[in-house]
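Enquirer: Given chain A, work out where chain B should sit, using these hints.
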Amino acid sequence: MSTAIEIPYNSTERPDTGLYNAKLGIWLFLASEVMLFGALFSTYVLLRTGADKWEHGAEFLNVPLATINTLVLIISSVTMVMSWASLKMKNLGRYKFYMGMTILCGVGFLIIKSIEYAHKFETGLWPSTSTFMAIYFTMTGLHGLHVIGGMIVNSYLWGPGSKMWQTDPERFTNRIEVAGLYWHFVDLVWIFLFPVLYLLPGK
Amino acid sequence: MTEAQHHEEHHDELPFWRHYIFSTDHKIIGIQYGLTALVFLFFGFCLMLMMRWQLAYPGKALPIAFLTKMLGESRMPGGVMAPEFYNQLGAMHGTIMVFLGVVPLAVGAFGNYLVPLQVGAQDMAFPKLNMSSYWVYFIGGVVMLSSFFVSGGSAQSGWTSYAPLSVITPQSHSLFTGQSLWLTGMVFLITSSLLGSVNTITTIIQLRVKGLTWMRLPFFVWAQLVTGFLLVLAFPPLEAAGVMQMMDRMAGTSFFLPSGLVVGGKALNVSGGGSALLWQHLFWFLAHPEVYVLILPAMGIVAEVIANNTRKPLWGYKSLVYSVIFLGFMSFVVWAHHMFLTGMGTAINAFFQTTTMIISIPSIVILTALILSLWGGSIRFNVPMLFALAFLPMFGIGGLTGLPLGLASADIHLHDTYYVIGHFHYVVAPGTLFALFAGIYYWFPKVSGKQLNEFLGKLHFWGSLIFMNGIFMPMFIVGMAGVSRRLYDGGTSYLHAQNVLYLNKVMSHSAWGLGVIQLIFIVNFFWTLFAGRKVTSDNPWEATTLEWATPTPPPHGNFLKIPEVYRGPYEYSVPGAEKDFSPQNEPDKKPGDSNNPGKK
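Residue numbers (numbering that gives the first Met the number 0), protein chains in the order written: chain A, 0 to 202; chain B, 0 to 599.
Keep in mind that the hints were calculated from the coordinates and are not lab data.
Idealized CB from N, CA, C, for every residue including glycine.
Fair warning: there could be bad hints in the mix.
Claimed, not checked - Dumping the calculated EDC-like pairs for lysine to aspartate or glutamate here, alpha-carbon to alpha-carbon at most 16 Å:
| no. | chain 1 | residue 1 | chain 2 | residue 2 |
| --- | --- | --- | --- | --- |
| 1 | B | Lys-209 | B | Asp-579 |
| 2 | A | Lys-202 | A | Glu-12 |
| 3 | A | Lys-89 | A | Glu-176 |
| 4 | B | Lys-504 | B | Asp-488 |
| 5 | A | Lys-89 | A | Asp-167 |
| 6 | A | Lys-22 | A | Glu-169 |
| 7 | B | Lys-209 | A | Glu-12 |
| 8 | B | Lys-560 | A | Glu-5 |
| 9 | B | Lys-209 | A | Asp-15 |
| 10 | B | Lys-127 | A | Glu-5 |
| 11 | B | Lys-588 | B | Glu-563 |
| 12 | A | Lys-202 | A | Glu-58 |
As the list claims (entries may be wrong) - Some chain A residues close to chain B (C-beta under 8 Å, calculated; not the full set):
| no. | residue |
| --- | --- |
| 13 | Ile-6 |
| 14 | Tyr-8 |
| 15 | Arg-13 |
| 16 | Pro-14 |
| 17 | Leu-18 |
| 18 | Leu-27 |
| 19 | Leu-29 |
| 20 | Ala-38 |
| 21 | Gly-123 |
| 22 | Leu-124 |
| 23 | Ser-129 |
| 24 | Thr-130 |
| 25 | Leu-141 |
| 26 | His-142 |
| 27 | Gly-143 |
Bound-form chain B, shown alone:
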């Protein structure tokens, strides 16, 4: 292949550490993000697997001897999980999954790798900044993990770190306590997201190649653009809140400590005058847009995969684009629907309830457009497509079960129960994670030049689908029975919950099953890398977007020749065309031009 030879000649002479460790190439950085995030995802998942033992068999010793021994007597006295340790696992599971796993994978890995390729750029607009955002993220992750090893263990006030609990647990002015390290880690992660999204937005706006107008951008790029704006504008208030909580913990201020606070029977010796609600407002001002940061890139991936595998254009591309922009705007004015029970007052509740109902409209438009895109297509049921198809109903369940939570009166019953856990996990786990898996299977051939094994992939998919539902579906039942999400004993002490308690075991066994199924993916991943089937084409899925117009894997600088764009992103099965896909970089065949060169 001449393209490959061409690539060989330009093989760069950078030393190993500049090429793979401190690289400024967006693709290497994307891969770094991806691998780190996958490791964190697996680690955060394992924390939950331990929690599920305590929930299914409260007070029984963990039967895995080496794990009990490794964790030590302080965390697992007599092999039974200590309540404080349970709280640590809960807080860190949420934090790691959201801030160190899903967001870096969806935005850091997929965004970094694909956005420059899809807009036809040679790299990100600021390559050095890109490198530093990865390393700042890495440091943030190390700080988070290190918090497990300080005395008193990691943060244990939930992933939301609600004040005043988070300020007074543990009561120490030292930096080396779990909560203070959590705050430090968050400042690093926020900084990293900020640098990354400034880079992504600039790349999309400034580095689009000739002919790539706004309405010719792949939907994935639109999703990343809106996500970038959410990160730029929503994260800083949490940074401010983190600084203030740090001041509360270390300098003795009272930003989040109200007057007259009594802890353990003793009045707290602080100046008071702060507001516990303030933390919640600042936290959710970030954390609600953050939900859309989790879901929008996923929708982008699903749109790409669906268009490719139905071999027809997306239904309603423009309405998808307008919806995703509207969704971005609205996500800034719904945050207090997480706070209906704080006594903000009915007027504020009514406002946020209304905006919440409004924001469901663009989400439904997107979902509907994606479902209608399937209509009349000759669908290829390969692994990426299976994950993308499963995303639709799973995200649908997650979204629809959110509506009762958005209504203030229904939320009174459901707030902080397992119903909430079920709701947002349907959005993030079989929703976003399935989309991310679809993306991994879909773009793996471009990144590595090898195709993941189809059979193992299907096994991974069907197993994950069954067990995911086995975990999260019962949560709705348990939640509606009134079991709180934060109970160490899983509701054993609740008289009214006795007849749903058996579901705890169903959920736990499903979770462990899901863990086993993920091993198939890990095996597939490494086996393919070392001995997998090589792809024979640069465009194995016969796709239309620009990333497939590069050599495999794309060299430094991406394109052999800077492409030019002649058409929209999803021109599949164009009537009268020679093949059923018309790549964006191929000019229209001129009449009378008998031997159209096709490629180049």
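Bound conformation, chain A alone:
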């Protein structure tokens, strides 16, 4: 009987709000994510201003690798948009290509990140080493979990989820847009993390 219920505005926009349901939902979710990372950045500010000394991340973090990672994420955001645009142009094959690229970029990001992590552990830098390292591992770790979450969703939409293209192409396109909004947000968090942790001079 679940077919009997028609939730309106799943694929079309409600005229007076100009939104379909999932788009409003994801923006609300992203608002809460802003608060989550906002609290962590506030922690950074509070603990840094309260500390006598603060390390300069570039002295022991790997800036070249992180720069590459920044590029990888930016590229993945572009391919994400391309995958959505491909669906708008009714081209499922191209969508699959770009979505696959997005997922691969995510994999690449995680590989580079784990190389960085491994190196830190080898040189004896743990979350318990200093407040800086605690913040570094907590924030990049939480960001990494968000990347993994996004990749799981993207992989579903690349694989089994794409069957929806045959039955309800409009709604499927919306799903890609929503997944894209989330993916851009995760990208954006890194754009803040990179300068704050790697580049900002110490005191």
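Expert: Okay, now just chain B, sitting in the frame of chain A:
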């Protein structure tokens, strides 16, 4: 009844577990939330009943033998409550009542069941997400309860889990300690609230039926909308704080551990550099809006019940709506009034003191509007109305006694005394809980098709009213005498508290009395379900809002025909109308239309 037959034809063929366990129907999920939350409320209440024994008769053995035996020698050595166990009960009472009881009942149950009905939707905007938010809540509850059974027992640092105490108690990096499980449980509960409120907000904004403009929304829906925003925006910082406390406990970081911390005469072997105040800021950034999460749905319920039983429109509907929105905004900038004594500095104190005084204005506007709504009404004193009426003075006492706590200088004396306990329990217990009971009695006929027994209901009401005040009123006196809220012996060791100590017994006996009275409600609840009087109408209270335009109980999909809204939510006793209520979905009678069909 043709409507019932119509419903029979469409009876769905889903297997039992899809229909009742993993249902995506907002009404089933609402009922699941409601029953689970009521069980947790009762459980959390029982924890407090045990604490009250220790407070009234400190150091005496608990006279209930089987309970002592069940709890075991480690918790009750010789039948006397161990201090550590007392602390566990205190921490878990607060946590369970707030996060597993009242919020899931007010937001999860009432919000889930009623919001789609009142906006004329067939279901929530995201039914599967709705199901998962219930199950995530359920897992969070199980994790919380399981913490009683790990070695060292459950969390024992208060429901606020202040660092550094919560980080170092017990000192173990294991996940299976009370505090770590508390944090894990909280992450589940926060996730659940988040998913639920995204769903509620989207439903309200997107799924309102034709004609249901913003200013025609029932006040309950407005309250749920603002509550949803509070949950979406205030909970994540606590999630971040929980992650950091987890890192402190398990990975040895020092987010909340300052340099040079000495525990038990030994310097703690951590890097230091953290801030204990940081935890308090992040915690109260959630927990103050959380107070409004507790109270706003309650105000919404009271508004519905009052309008219905005074048979007249709410006084100042628009000012109610603007107040509740303003209240939502302000609740984000008052949190540090919980921290006046932490030495933040007088400038910050002055700021938060000012915002706190400002936030009392919209609360008073709401309360005043609700009281003025009674003026000139021909009031029906049924059980829901009695609870709703009692809400007004009880919440009033709770609110007014909060003002001295919001003033930094008065708070120096009152901080962390029983006065605080009295204050917020007046808001939450005879305040919110009474409103929730009003809601249960009011909507029970719609949910179950049966009407709760009126006499047992009145007994439940009057007993609860008397005993609630018996518990919480003396707390103001004890608190002003300077007794701290966290004492294991209830103040026996305080020389200055000796002449108020007898009140501990008054409070404890009232609490146990309140427990007995709740049994009446439980009996009434089950007796009505199995043998109660069936309602003969889909709209037994003759109400105007859309949930009463459904069959009883509403089928999957709610409405037989998608309704359309023609008027505001509280058009009672409209001059010139045939009956004293004009449902939102009934069009105006056209002139010359002699046989207005009324329904449909």
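Enquirer: Now, for every hint given, state plainly whether the structure supports it.
Expert: Results of checking the hints against the structure:
1. B:Lys-209 <-> B:Asp-579: Violated: B:Lys-209 and B:Asp-579 sit about 24 Å apart, past 16 Å.
2. A:Lys-202 <-> A:Glu-12: Given that 16 Å is the threshold and the Cα spacing comes to 51 Å, the pair is violated.
3. A:Lys-89 <-> A:Glu-176: This hinted pair holds, its Cα atoms lying about 14 Å apart.
4. B:Lys-504 <-> B:Asp-488: Holds. B:Lys-504 to B:Asp-488 sits at ~12 Å (cutoff 16 Å).
5. A:Lys-89 <-> A:Asp-167: holds, 12 Å
6. A:Lys-22 <-> A:Glu-169: holds, 13 Å
7. B:Lys-209 <-> A:Glu-12: Judged against 16 Å, a Cα distance of about 15 Å means the pair holds.
8. B:Lys-560 <-> A:Glu-5: holds, 13 Å
9. B:Lys-209 <-> A:Asp-15: Holds, because 11 Å separates the two Cα atoms, which is no more than 16 Å.
10. B:Lys-127 <-> A:Glu-5: The hint holds at about 14 Å.
11. B:Lys-588 <-> B:Glu-563: At roughly 15 Å apart (the allowed maximum being 16 Å), B:Glu-563 and B:Lys-588 satisfy the hint.
12. A:Lys-202 <-> A:Glu-58: holds, 13 Å
13. Ile-6: holds, 6 Å
14. Tyr-8: holds, 5 Å
15. Arg-13: holds, 5 Å
16. Pro-14: Constraint on A:Pro-14 not satisfied, violated at 11 Å.
17. Leu-18: holds, 7 Å
18. Leu-27: Holds. Min distance 5 Å.
19. Leu-29: Violated: closest Cβ of chain B sits about 10 Å from A:Leu-29, beyond 8 Å.
20. Ala-38: Because about 4 Å separates A:Ala-38 from the closest Cβ in chain B, which is inside the 8 Å limit, the hint holds.
21. Gly-123: Result: violated, 13 Å to nearest chain B Cβ.
22. Leu-124: Because about 12 Å separates A:Leu-124 from the closest Cβ in chain B, which is outside the 8 Å limit, the hint is violated.
23. Ser-129: With a minimum Cβ separation of about 5 Å from chain B (threshold 8 Å), the hint on A:Ser-129 holds.
24. Thr-130: Holds, because the Cβ-Cβ distance from A:Thr-130 to chain B comes to roughly 4 Å (cut-off 8 Å).
25. Leu-141: Hint holds; A:Leu-141 Cβ to chain B Cβ min 7 Å, cut 8 Å.
26. His-142: Not OK, violated: A:His-142 not within 8 Å of chain B, min 12 Å.
27. Gly-143: With a closest approach of 13 Å, the A:Gly-143 hint is violated.
In this structure, the earlier hints numbered 1, 2, 16, 19, 21, 22, 26 and 27 are contradicted, and the remaining ones agree with it.
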